[in-house]
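The residues making up each chain are set out below.
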Amino acid sequence: EPEVTQTPSHQVTQMGQEVILRCVPISNHLYFYWYRQILGQKVEFLVSFYNNEISEKSEIFDDQFSVERPDGSNFTLKIRSTKLEDSAMYFCASSGAGGSQPQHFGDGTRLSIL
Amino acid sequence: EDQVTQSPEALRLQEGESSSLNCSYTVSGLRGLFWYRQDPGKGPEFLFTLYSAGEEKEKERLKATLTKKESFLHITAPKPEDSATYLCAVQADDYKLSFGAGTTVTVRA
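Those protein sequences? They're chains A and B, same order as listed. First residue of the first sequence: 78, per the working numbering; consecutive thereafter. First residue of the second sequence: -4, per the working numbering; consecutive thereafter.
Please note that the accuracy of each hint is not assured.
[What the hints assert, rightly or not] DSSO-like cross-link-like pairs, simulated, lysine-lysine; straight-line CA separation at most 27 Å:
#1 B:Lys54 <-> A:Lys119
#2 B:Lys37 <-> A:Lys155
#3 B:Lys37 <-> A:Lys119
#4 B:Lys52 <-> A:Lys119
#5 A:Lys134 <-> B:Lys54
#6 A:Lys134 <-> B:Lys37
#7 A:Lys160 <-> B:Lys52
#8 A:Lys119 <-> B:Lys58
Worth flagging that the hints you see were computed from the coordinates, not collected in a lab. It should be emphasised that the depicted structure is a prediction, and the values quoted were computed from it without experimental measurement.
Could you build all of it, start to finish, from the sequences and the hints given here?
See below:
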C-alpha cells in the first residue's frame, strides 16, 4: 500500500540554526499538509499546499516557516531560525483529489532543538 | 473556532470487553469527521471518514457512528493489538484537520 515517507526520523539542531524536513507524499495525491505534535499535546495544523501554493496556514506558521515542492515527488518544510519551542514531532500528510478525501500521514520527524 | 473533545482520556479494557469512545465536536460547516489510530512513535493511521449524521462505518472490531454533535468509536471484543491512541478530527471548509487530544486504549490479555 502506498505510504507517505518522511526523513530524517530524528533531527537534533542547535537553536538559531535552519532545518529542512523532507516528505515524499503518496504519488497521485494533490493536497499536501504539515502538522506538528508537541509532546503530550494535540496534533496541530500548520499549513496546506495545493497547486504549488499555500492554500491555508495557521497562526503557528509564521515568517520563520516555509514550504516548497521542489520537484514532482518531494515536499519540504523549512524552519529558518529554530527556537526551543519548535521541538516537536512534525508530520507530513497528503490526500487525493477532492478536499474531503482522507489525509494519510507519515511517521513524522522528531525535531529536538538544543 | 473548531473544537473537538474526546473522552475518556484513557481506557483500560480486558480482552473481549467491548466499550465506546466519544468525540464531541463544534464546527461550522462539517465536511467530514475522521478517526485515526496512533501507535507510539508513529503517525496517525487513517481508519474512517464519516460525512453526515446517521452514517456508520465498520472495520474488523471497530465501528464508527456520527450524530450532529458527536461521534462514537465502538470497539467490540477488543484484542491486545487494538491497544493504541485513537484520534478524532473534524474537517471544515478550509480542509485542515482539527484534532482532539485522543483516547489511549490499553487492552490486557
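Results of checking the hints against the structure:
no. : hint                 : result
1   : B:Lys54 <-> A:Lys119 : 25 Å, holds
2   : B:Lys37 <-> A:Lys155 : 21 Å, holds
3   : B:Lys37 <-> A:Lys119 : 14 Å, holds
4   : B:Lys52 <-> A:Lys119 : 24 Å, holds
5   : A:Lys134 <-> B:Lys54 : 33 Å, violated
6   : A:Lys134 <-> B:Lys37 : 24 Å, holds
7   : A:Lys160 <-> B:Lys52 : 42 Å, violated
8   : A:Lys119 <-> B:Lys58 : 23 Å, holds
Of the numbered hints listed earlier, those contradicted by the structure are 5, 7.
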